[in-house]
Amino acid sequence: MTTATAQPTTKLWSGGKSPFNVSYGKLMMWYFLMSDAFTFGAFLISYGTIRFSQNVWADPNHVFNAFPFMGHANLPLAFVSLMTFILIFSSVTMVLAVHEGHKMNRKGVEKWLVWTILGGLAFLGCQAWEWTHLITGEHEVLVNGAIQSWGTTVTHNPWGPEVLFNGKEVATPGPIAFGGYFFGITGFHGFHVFSGVVINIIMLIQTRMKVFENRGHYEMIEKAGLYWHFVDLVWVFVFLCFYLV
Amino acid sequence: MSNEAILHEHQTGAHDAGHAHEHHHHETFITKYVFSQDHKMIAKQFLITGIIWAIIGGLFSVLFRLQLGYPESTFPWLEDFLGNWAKGGKLDPDFYYALVTMHGTILVFFVLTAGLSGTFSNFLIPLQVGARDMASPFLNMLSYWFFFAASIVMMASLFVQTGPASGGWTIYPPLSALGEASSGSKIGMDLWLISMSLFIINALLGGLNYITTVLNMRTKGMSMTRMPLTMWAFFFTAVLGVLSFPVLLSGCILLLFDRNLGTSFYLSDIVINGKILPNEGGSAILFQHLFWFLGHPEVYIIILPAMGIASEVMSVNSRKPIFGYMAMVGSLFAIAALSFLVWAHHMFVTGLNPFLGSFFVLLTLLIAVPSAIKVFNWLTTLWRGNIRFTPGMLFAIGFVSMFISGGLTGIFLGNSALDIHLHDTYFIVAHFHIVMGVAGMFGMFAGLYHWYPKMYGRYMNNTLAYIHFWVTLIGSYLIFWPMHYEGLAGMPRRYYEFSGWESFNMFGGLNQFISFVSIIVFAAQLLFVFNFFYSIFKGRKVTELNPWGAASLEWSTPIRPGHGNWPGEIPEVHRWAYDYGKDGRDFIPQTEPVGEDESKH
Amino acid sequence: MSQGATAEAGHHDDGTQIKRIWKTFWILSVITIIELGIGLSIYTIHKGDNPNELLVLMFKGLVCILTLAKAFYIVSVFMHLGDEIRNMIMTIIVPLLLFVWFIVAFLWDGNAWKNLKNTDAGSREYKEQPQQKLPAKEKGHKD
Chain W
1 MTTATAQPTT KLWSGGKSPF NVSYGKLMMW YFLMSDAFTF GAFLISYGTI RFSQNVWADP
61 NHVFNAFPFM GHANLPLAFV SLMTFILIFS SVTMVLAVHE GHKMNRKGVE KWLVWTILGG
121 LAFLGCQAWE WTHLITGEHE VLVNGAIQSW GTTVTHNPWG PEVLFNGKEV ATPGPIAFGG
181 YFFGITGFHG FHVFSGVVIN IIMLIQTRMK VFENRGHYEM IEKAGLYWHF VDLVWVFVFL
241 CFYLV
Chain S
1 MSNEAILHEH QTGAHDAGHA HEHHHHETFI TKYVFSQDHK MIAKQFLITG IIWAIIGGLF
61 SVLFRLQLGY PESTFPWLED FLGNWAKGGK LDPDFYYALV TMHGTILVFF VLTAGLSGTF
121 SNFLIPLQVG ARDMASPFLN MLSYWFFFAA SIVMMASLFV QTGPASGGWT IYPPLSALGE
181 ASSGSKIGMD LWLISMSLFI INALLGGLNY ITTVLNMRTK GMSMTRMPLT MWAFFFTAVL
241 GVLSFPVLLS GCILLLFDRN LGTSFYLSDI VINGKILPNE GGSAILFQHL FWFLGHPEVY
301 IIILPAMGIA SEVMSVNSRK PIFGYMAMVG SLFAIAALSF LVWAHHMFVT GLNPFLGSFF
361 VLLTLLIAVP SAIKVFNWLT TLWRGNIRFT PGMLFAIGFV SMFISGGLTG IFLGNSALDI
421 HLHDTYFIVA HFHIVMGVAG MFGMFAGLYH WYPKMYGRYM NNTLAYIHFW VTLIGSYLIF
481 WPMHYEGLAG MPRRYYEFSG WESFNMFGGL NQFISFVSII VFAAQLLFVF NFFYSIFKGR
541 KVTELNPWGA ASLEWSTPIR PGHGNWPGEI PEVHRWAYDY GKDGRDFIPQ TEPVGEDESK
601 H
Chain U
1 MSQGATAEAG HHDDGTQIKR IWKTFWILSV ITIIELGIGL SIYTIHKGDN PNELLVLMFK
61 GLVCILTLAK AFYIVSVFMH LGDEIRNMIM TIIVPLLLFV WFIVAFLWDG NAWKNLKNTD
121 AGSREYKEQP QQKLPAKEKG HKD
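These protein sequences, in sequence, are chains W, S and U. With this note's numbering applied, the first sequence has no gaps in its numbers, which climb one by one up to 245 at the end. With this note's numbering applied, the second sequence has no gaps in its numbers, which climb one by one up to 601 at the end. With this note's numbering applied, the third sequence has no gaps in its numbers, which climb one by one up to 143 at the end.
Don't read these hints as lab results, they were simulated from the structure. You may find that some hints are simply not true.
Derived pair list, reagent style DSS-like, types lysine-lysine, alpha-carbon separation capped at 27 angstroms [to be verified]:
1. U:Lys-23 to W:Lys-107
2. W:Lys-111 to U:Lys-117
3. U:Lys-117 to W:Lys-223
4. S:Lys-220 to W:Lys-11
5. U:Lys-117 to W:Lys-103
6. U:Lys-19 to W:Lys-111
7. W:Lys-17 to W:Lys-107
8. U:Lys-23 to S:Lys-275
9. U:Lys-19 to W:Lys-107
10. W:Lys-107 to W:Lys-210
11. W:Lys-11 to S:Lys-275
12. U:Lys-19 to W:Lys-223
Note that the structure is predicted; figures quoted are calculated from it, not measured.
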């Protein structure tokens with residue numbers, strides 16, 4: 001059995017073997033992720049386009065300034081930082097699981113997979129809290145000359161420019177599209193996290209059942225890992241587009 | 001690292017498929033014909049589903065051509081078929097729009113995408129690169145069944161009470177986003193979006209398979225530049241699909257939200273029936289951007305496979321190597337890359353920033369360069385060739401004719417200044433029907449006539465095929481050529497009738513003529529369908545391995561290849577696929593080693 | 001068989017691999033903290049009486065670049081793309097270049113819509129209105 005890597009690169013393309021020295025499954029995963037990147041890209045670019053077409057937009061530092069159990073303390077970006085670190089951390093545990101897979105260490109794979117799944121669940125929990133907070137949170141908005149109390153939903157946006165009303169500053173309605181894009185895109189990302197957790201649970205069960213050990217390699221873990229890192233990657237851009245800029 | 005083990009395992013998997021063929025074990029009716037994982041059977045499933053859709057989509061065009069050609073007449077038999085949609089034998093205006101919308105949707109997506117690249121990518125890729133099957137036969141099967149599910153949903157939408165989607169195949173909001181706007185924007189529109197989402201999954205699964213198969217599963221010696229041009233064309237088609245369809249998916253998801261969840265992605269400042277809608281902040285033009293970011297690559301998803309098929313069929317039947325192989329590959333790549341950069345040329349009149357528009361004009365006109373390279377290479381392939389006018393060859397030449405005629409009008413339309421006059425007139429209808437619709441169909445027919453012997457082990461009837469070709473070629477020009485004049489005169493597309501405009505009355509006779517010819521052409525297609533199904537069972541049997549004397553690999557399989565394609569080892573490849581008329585020999589198959597004193601091509 | 005293959009290929013750099021993973025983790029964390037710092041400075045600049053828009057724009061550009069750096073580390077180290085053959089890297093990177101025109105054209109047109117709205121499609125000149133502290137009746141018709 002000759003190793004493909006030992007051959008000169010020009011031979012790789014002459015047929016009879018993979019030109020990239022990877023299995024078709026991993027290649028498919030990569031190209032699927034590229035396709036998915038265009039799905040997310042289209043969402044984020046649509047969001048940017050609409051934002052560019054508006055004179056005013058919601059300031060993320062005002063919208064996302066809450067933290068669980070901290071009441072009304074003004075903590076801009078604190079909670080989303082926590083979410084970001086959770087996701088980065090679960091990415092590390094995933095890559096460690098893949099690494100243990102290379103070493104054919106079943107126990108190691110299991111250990112790190114469990115941590116990854118926990119990280120994913122923690123992230124989903126955070127997102128659930130944030131959504132609930134935004135939807136149920138009450139904000140005073142000046143509508144038609146009267147004060148109303150609004151949450152942030154796909155039909156209401158209480159984060160418009162502030163005006164002076166009866167001697168105090170009150171927000172006016174902001175562009176409704178903000179809520180739709182925020183919930184739409186973070187929701188779509190959350191859906192990916194959720195499916196990633198499900199995939200990882202399936203991987204964990206299969207690892208425990210020694211499916212990969214008997215197969216002789218842990219490539220499935222690698223593919224699941226690619227998907228999981230992609231979810232992290234998308235979050236990096238969601239974080240940028242919704243929270244930072 | 002266990003990379004090597006993984007790669008090795010895959011090879012053994014491929015060998016297993018070969019053994020399965022030799023022993024013919026455990027194949028039931030269900031696994032062989034329904035949930036088949038054999039790429040050849042899946043190709044036939046795509047093909048036959050596509051043919052059924054083509055008949056439906058074609059019939060719809062005949063129905064609305066009746067209204068356009070004979071606006072004063074009534075056809076009582078229409079009421080028998082369509083009931084309320086054609087009261088008193090005259091098409092209801094709402095239903096007219098539904099027919100136009102469904103005609104576009106069906107032909108563009110279900111016939112010329114799934115039916116064309118679904119059929120031929122599946123059938124030819126493993127055979128021509130020398131593989132037992134697709135990289136993942138299971139995902140390949142799944143791909144067809146997603147297409148089937150999409151078909152069922154779309155078919156169901158034809159039967160709902162408020163009718164199918166009727167906002168045009170481009171389903172622009174706000175018309176498509178608001179149920180109150182038209183009857184076709186009610187449940188029919190939701191079904192359209194769901195069906196299209198399923199269709200996108202089908203395109204994704206299929207495309208991933210095609211790409212990885214071409215990259216990873218080529219037989220020994222089959223380097224990328226030894227592949228037939230069909231392979232390159234299908235490869236780039238798959239790349240286009242994988243990168244552009246997800247953008248349509250995003251657009252569809254946002255539209256579904258706007259329709260059902262009250263979001264404002266595409267909606268702003270809308271008054272409907274005197275009521276001000278609360279939606280604010282979105283932009284309807286955004287949907288057009290998203291749609292055409294897919295929509296433009298989509299027209300190349302349709303035409304690239306046809307180009308690949310035409311190249312292969314023309315080279316085989318001219319008994320000459322394809323002229324400028326690398327230029328052909330390069331221009332395919334150039335077209336594929338440019339197709340992503342030009343989408344807004346569909347939107348010059350939406351209020352697009354004219355300065356931004358000028359970039360789109362430039363990029364659009366650049367496509368003329370690779371297209372011209374391809375046309376000249378086809379013509380020089382024919383030049384002084386020893387041409388055999390088989391039905392497949394005729395359709396391939398017809399494809400080139402159509403591509404030239406339709407491509408030239410594309411240069412008109414690519415200029416934003418001219419497009420302002422020509423936009424949404426019959427000129428554009430004529431342009432895209434010739435260059436994409438008819439040319440795409442011609443590519444498909446060329447492929448079908450050419451590879452039918454490989455698919456079914458029988459020939460199609462030649463006499464019927466020749467009638468089919470000449471009626472279709474002449475008929476298509478008679479239908480679409482006059483539309484250019486109507487369009488230049490300003491006659492708008494998608495109108496139910498033109499009696500309100502004095503200036504378009506002079507086209508009454510011409511419209512009648514177009515409708516008359518389109519009925520004849522439709523009848524000729526039914527002749528093809530008859531020929532196709534009749535020949536599956538009663539056609540003349542193929543008795544030789546390589547009836548066309550072609551050099552490519554698929555003709556080295558048995559006449560009726562089983563699952564696994566080659567009974568023994570997969571043959572090794574030693575040369576490119578176009579060694580015709582070389583060193584005094586008619587052709588040299590790819591499997592033959594290069595001789596000592598052989599001349600270079 | 002694969003046991004042997006793994007032992008041979010995987011062991012010699014076991015420690016360095018893990019070290020590399022953790023190093024990447026720290027790089028990502030530090031970049032994220034820098035990003036947060038910038039986000040907070042934008043926040044304080046906006047709170048000020050006279051926000052310096054150019055500075056905000058520069059900060060935003062900087063965050064975008066830092067995000068791309070994060071993406072690079074995730075894809076290259078965590079997803080092991082950096083360890084693949086160069087041709088495969090190119091098949092992933094080159095199609096992503098399409099995003100450049102995708103983003104530029106979309107945002108450009110979005111910006112053009114704003115100008116169209118602000119000037120009634122160019123029929124009048126746009127006067128910058130103070131966006132903070134508007135009189136109360138502005139935007140009052142919205143429900």
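**Asked** Hint numbers the structure violates, sorted upward?
**Response** When the structure is compared with the hints, numbers 2, 3, 5, 7, 8 and 11 turn out to be violated.
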